[in-house]
Amino acid sequence: MDGKTKYGFTLPALILIGIIVLFPIIYNLFMSMNSWFVASGKGPEWIGLKNYINLLDNPRFWNSLKVTFIFSLGTLTVEVVLGTMLALFLNREFKGKSIVKLIFLFPIAATPVAVSLIWGMMFNYDLGIINIIMQNLGMEPLLWLASPKIVIPALIITDTWQWTPLILLIVLASLESLPTDPFESAKVDGANIFQVIYHITLPLVRPAIVVAAMIRSIDAIKTFDMIYVMTQGGPDVASENLNLYIFQTGFSYFRMGAASSLAIVLFTLVLVINILLSVIRKTGAK
Amino acid sequence: MKKILYISLIVLLLSSPLWAGGNKETAGTDQPASVQGFDWQSQSGTTIKIMANKHPWVDIIEPKIAEFEAMTGIKVDLAIYPEDQFRTKRTVEMVSGASDVDVFMLMPGNSLAQYHQAGWVASLDEMMKSENLLWPEYDLDDIFSSALGAGVKDGNHYTIPILLETSLLAYNKEIFKKYGVSVPKTMEELEAAAKTIYEGSGGDIYGITLRGKKASATSQWVDFLHSFGGEWLVNGKSGLGTEEAIAATEYYGRLLRLYGPKSAPSNSWYESISIFMQGKAAMVYDASVFKPNYENPEKSAIAGKVGYATIPAGPAGAVPHVSNWALSIYENSKNKEAAWLFIQWATSKEIALEGLLAGIPSARDSAWNSDAFKQGDTTPEWTQASIDSYKIASPIWNPPVIPVGECRDAAGSAIVAAILGEDVRAASLAAEKVMNKVLDNQ
Numbered sequence: 001m002d003g004k005t006k007y008g009f010t011l012p013a014l015i016l017i018g019i020i021v022l023f024p025i026i027y028n029l030f031m032s033m034n035s036w037f038v039a040s041g042k043g044p045e046w047i048g049l050k051n052y053i054n055l056l057d058n059p060r061f062w063n064s065l066k067v068t069f070i071f072s073l074g075t076l077t078v079e080v081v082l083g084t085m086l087a088l089f090l091n092r093e094f095k096g097k098s099i100v101k102l103i104f105l106f107p108i109a110a111t112p113v114a115v116s117l118i119w120g121m122m123f124n125y126d127l128g129i130i131n132i133i134m135q136n137l138g139m140e141p142l143l144w145l146a147s148p149k150i151v152i153p154a155l156i157i158t159d160t161w162q163w164t165p166l167i168l169l170i171v172l173a174s175l176e177s178l179p180t181d182p183f184e185s186a187k188v189d190g191a192n193i194f195q196v197i198y199h200i201t202l203p204l205v206r207p208a209i210v211v212a213a214m215i216r217s218i219d220a221i222k223t224f225d226m227i228y229v230m231t232q233g234g235p236d237v238a239s240e241n242l243n244l245y246i247f248q249t250g251f252s253y254f255r256m257g258a259a260s261s262l263a264i265v266l267f268t269l270v271l272v273i274n275i276l277l278s279v280i281r282k283t284g285a286k
Numbered sequence: 001m002k003k004i005l006y007i008s009l010i011v012l013l014l015s016s017p018l019w020a021g022g023n024k025e026t027a028g029t030d031q032p033a034s035v036q037g038f039d040w041q042s043q044s045g046t047t048i049k050i051m052a053n054k055h056p057w058v059d060i061i062e063p064k065i066a067e068f069e070a071m072t073g074i075k076v077d078l079a080i081y082p083e084d085q086f087r088t089k090r091t092v093e094m095v096s097g098a099s100d101v102d103v104f105m106l107m108p109g110n111s112l113a114q115y116h117q118a119g120w121v122a123s124l125d126e127m128m129k130s131e132n133l134l135w136p137e138y139d140l141d142d143i144f145s146s147a148l149g150a151g152v153k154d155g156n157h158y159t160i161p162i163l164l165e166t167s168l169l170a171y172n173k174e175i176f177k178k179y180g181v182s183v184p185k186t187m188e189e190l191e192a193a194a195k196t197i198y199e200g201s202g203g204d205i206y207g208i209t210l211r212g213k214k215a216s217a218t219s220q221w222v223d224f225l226h227s228f229g230g231e232w233l234v235n236g237k238s239g240l241g242t243e244e245a246i247a248a249t250e251y252y253g254r255l256l257r258l259y260g261p262k263s264a265p266s267n268s269w270y271e272s273i274s275i276f277m278q279g280k281a282a283m284v285y286d287a288s289v290f291k292p293n294y295e296n297p298e299k300s301a302i303a304g305k306v307g308y309a310t311i312p313a314g315p316a317g318a319v320p321h322v323s324n325w326a327l328s329i330y331e332n333s334k335n336k337e338a339a340w341l342f343i344q345w346a347t348s349k350e351i352a353l354e355g356l357l358a359g360i361p362s363a364r365d366s367a368w369n370s371d372a373f374k375q376g377d378t379t380p381e382w383t384q385a386s387i388d389s390y391k392i393a394s395p396i397w398n399p400p401v402i403p404v405g406e407c408r409d410a411a412g413s414a415i416v417a418a419i420l421g422e423d424v425r426a427a428s429l430a431a432e433k434v435m436n437k438v439l440d441n442q
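Residue numbers (my numbering), protein chains in the order written: chain C, 1 to 286; chain U, 1 to 442.
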């Protein structure tokens, strides 16, 4: 086989990737430098970087970044800590282990929209079961989704319920495949359980945790369905993250150029965070 | 021999329904001359696609579509979406330029400016004048001119109204009686009534419930804006920061904050009227079309106990609004004639009356004046309040601009701030700034 034939074999794949991955990104970049108010019926008009400059003094954009950041950091922290703790707890032989693992799969398998509708009802101020339980326990009912202050914690709770099991399962799979020697020698040396977990288990499963965190962080940053169903970004814009704001700008306001520039910001954000996480993973491996 | 007798008897018995059916059919051909004169079958064999939103009117139409199909030979493909998704989907279909939609529902007060400028709606005037296409019994003059006129741009008709709605103050008579409250005539009385009931019940019954969810709240808030003397636009610029607008927004927010449901900022019409229908709120100010919900004993705990009134007067009088859903034909539709036949059937006198009997406020005079409606009217108070409201109403309920959604969201921010007890003046001025920026970038 000569040197050039091999390119022939990869060509179809390259063309396909070019069409479905590269082209939309480049077209989006191009659109983001246009002003295109679809509702006016006029075509796109080239305006250079004006869409990006407009973002700088757009309080709603900064608010959406803040919401994206708080929501993602909140879900990621709670889910990674909780998921890893549960995985450590479940990492032993006991009767019915496979059934317990199966039960933890249920939330992942459920449709996010259905989950959000049910949680939305449970958070209802007047009729929701959560407030009814809280009142029976003698607590004051909370406004949850109607309060700008606790709407994001309410969303984090919902997200945690659905996605902690994913972290749990990835970390548990990694735990189960660990070599047994280091643990045996630690036992011989008289290390207690916390020392074993901190100095041996966690460093060994670190790559798995980072991979799980990467998957979750991408998802959390671009969360749409759950927030759209539960609050539509409300009250006002208190839970409007970047992805929701893109949708509003593009499909409610029909400002396609501005929406494209927001999409580029989101794309960059996801890219940077993933580069950071993969650096963490590599330095950990050394 | 006996067997043959039995068989022939059974055959006779089985065939008797056929005879009966046959008789009916012969009777059926004896139709009024005018119907025979108009060729409903002229577009037979066509399929038309209709986009509708989940609206009580569609619930009336949907089961009857088979009748239209049998009468005309036109096949109807009806797609129904929840309102938010419907608006988005409809515009995306239009923008794509390749939609196969023929007829769609539209609120002219909300979208006609945009749809007209973008060239997405077809002018109906030629078909409205055509002898072959205008059903002689259709009677265009019977449609309220305010409703038909809402669909006019540059002298051409683009929409045919299916209903004409307004907003009414609905109140729970039992609660009013219990707390000795009479029907409020002014904004001061409204607040006093809400206060009396909320405080009298120890906070168990909300004085009033209104929409508080961002943009959706503006549809009723606008009547308070107008009644306080404010306007969406003042000299082509946003009027959200005027003293009148700030006073209206402050008042609206205060009603909900002090005497309304705690969940107000996340309530759209559905949540709001649900609270009223559970008997948890004494009053609701929302669209008149929700009467069938209030009066349906299966859905509502207060059916039969509801009274209706027009909006109480503010410093600038009592100014409700009228709005209407309508049907339009897509400019690029290839089946405009079939679509026009459908529109005439769907907005005919018969269907208008049937809708009104089911509580959908008709856009046709004949329906309101018909004996069938007057005799069977179980809520004459609602009828009277509706008619009174039509007389004093403003046709403006949305900002009369193209980027309607952005301006409504801007006003919605100020409303939410008012409900939450934040600085209303600052929020209104911020909303004004956002709206002016939007208007500059059309």
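Think of the hints as simulated: they come from the structure by calculation, not from any bench. Think of the CB as a built atom: it goes at the ideal place given N, C-alpha and C, for glycine as much as any other residue. One or more hints might be untrue.
What the hints assert, rightly or not - Cβ pair distances, simulated, as ranges:
hint: 1; chain 1: U; residue 1: ALA70; chain 2: C; residue 2: THR10; range: 37 to 45 Å
hint: 2; chain 1: C; residue 1: PRO59; chain 2: U; residue 2: VAL92; range: 26 to 34 Å
hint: 3; chain 1: U; residue 1: GLY97; chain 2: C; residue 2: TYR52; range: 43 to 51 Å
hint: 4; chain 1: U; residue 1: GLU422; chain 2: C; residue 2: LYS101; range: 44 to 52 Å
hint: 5; chain 1: U; residue 1: PRO297; chain 2: C; residue 2: ALA114; range: 51 to 59 Å
hint: 6; chain 1: U; residue 1: LYS195; chain 2: C; residue 2: LEU29; range: 51 to 59 Å
hint: 7; chain 1: U; residue 1: VAL92; chain 2: C; residue 2: ASP57; range: 27 to 35 Å
hint: 8; chain 1: U; residue 1: ALA70; chain 2: C; residue 2: ASP225; range: 49 to 57 Å
hint: 9; chain 1: U; residue 1: GLU199; chain 2: C; residue 2: PRO44; range: 52 to 60 Å
hint: 10; chain 1: U; residue 1: GLU422; chain 2: C; residue 2: LEU29; range: 33 to 41 Å
hint: 11; chain 1: U; residue 1: GLU199; chain 2: C; residue 2: ILE132; range: 18 to 26 Å
Said to hold, decoys possible - 30 Å max Cα-Cα, derived DSSO-like pairs, lysine-lysine:
hint: 12; chain 1: C; residue 1: LYS50; chain 2: U; residue 2: LYS237
hint: 13; chain 1: U; residue 1: LYS437; chain 2: C; residue 2: LYS66
hint: 14; chain 1: U; residue 1: LYS349; chain 2: C; residue 2: LYS42
hint: 15; chain 1: C; residue 1: LYS42; chain 2: U; residue 2: LYS433
hint: 16; chain 1: C; residue 1: LYS42; chain 2: U; residue 2: LYS49
hint: 17; chain 1: C; residue 1: LYS42; chain 2: U; residue 2: LYS299
hint: 18; chain 1: U; residue 1: LYS305; chain 2: C; residue 2: LYS50
hint: 19; chain 1: U; residue 1: LYS299; chain 2: U; residue 2: LYS173
hint: 20; chain 1: U; residue 1: LYS237; chain 2: U; residue 2: LYS49
hint: 21; chain 1: U; residue 1: LYS433; chain 2: C; residue 2: LYS149
hint: 22; chain 1: U; residue 1: LYS280; chain 2: C; residue 2: LYS66
hint: 23; chain 1: C; residue 1: LYS50; chain 2: U; residue 2: LYS89
hint: 24; chain 1: U; residue 1: LYS334; chain 2: C; residue 2: LYS42
hint: 25; chain 1: U; residue 1: LYS237; chain 2: C; residue 2: LYS42
hint: 26; chain 1: U; residue 1: LYS262; chain 2: C; residue 2: LYS149
hint: 27; chain 1: C; residue 1: LYS50; chain 2: U; residue 2: LYS437
hint: 28; chain 1: U; residue 1: LYS334; chain 2: C; residue 2: LYS222
hint: 29; chain 1: U; residue 1: LYS89; chain 2: C; residue 2: LYS222
hint: 30; chain 1: U; residue 1: LYS349; chain 2: U; residue 2: LYS299
hint: 31; chain 1: U; residue 1: LYS391; chain 2: U; residue 2: LYS185
hint: 32; chain 1: U; residue 1: LYS185; chain 2: C; residue 2: LYS149
hint: 33; chain 1: U; residue 1: LYS334; chain 2: C; residue 2: LYS149
hint: 34; chain 1: C; residue 1: LYS66; chain 2: U; residue 2: LYS185
hint: 35; chain 1: U; residue 1: LYS437; chain 2: U; residue 2: LYS237
hint: 36; chain 1: U; residue 1: LYS153; chain 2: C; residue 2: LYS42
hint: 37; chain 1: C; residue 1: LYS50; chain 2: C; residue 2: LYS149
Among the hints numbered above, which are violated by the structure, and what are their numbers in rising order? 1, 3, 5, 8, 14, 17, 18, 20, 22, 28, 32, 33, 34 and 37
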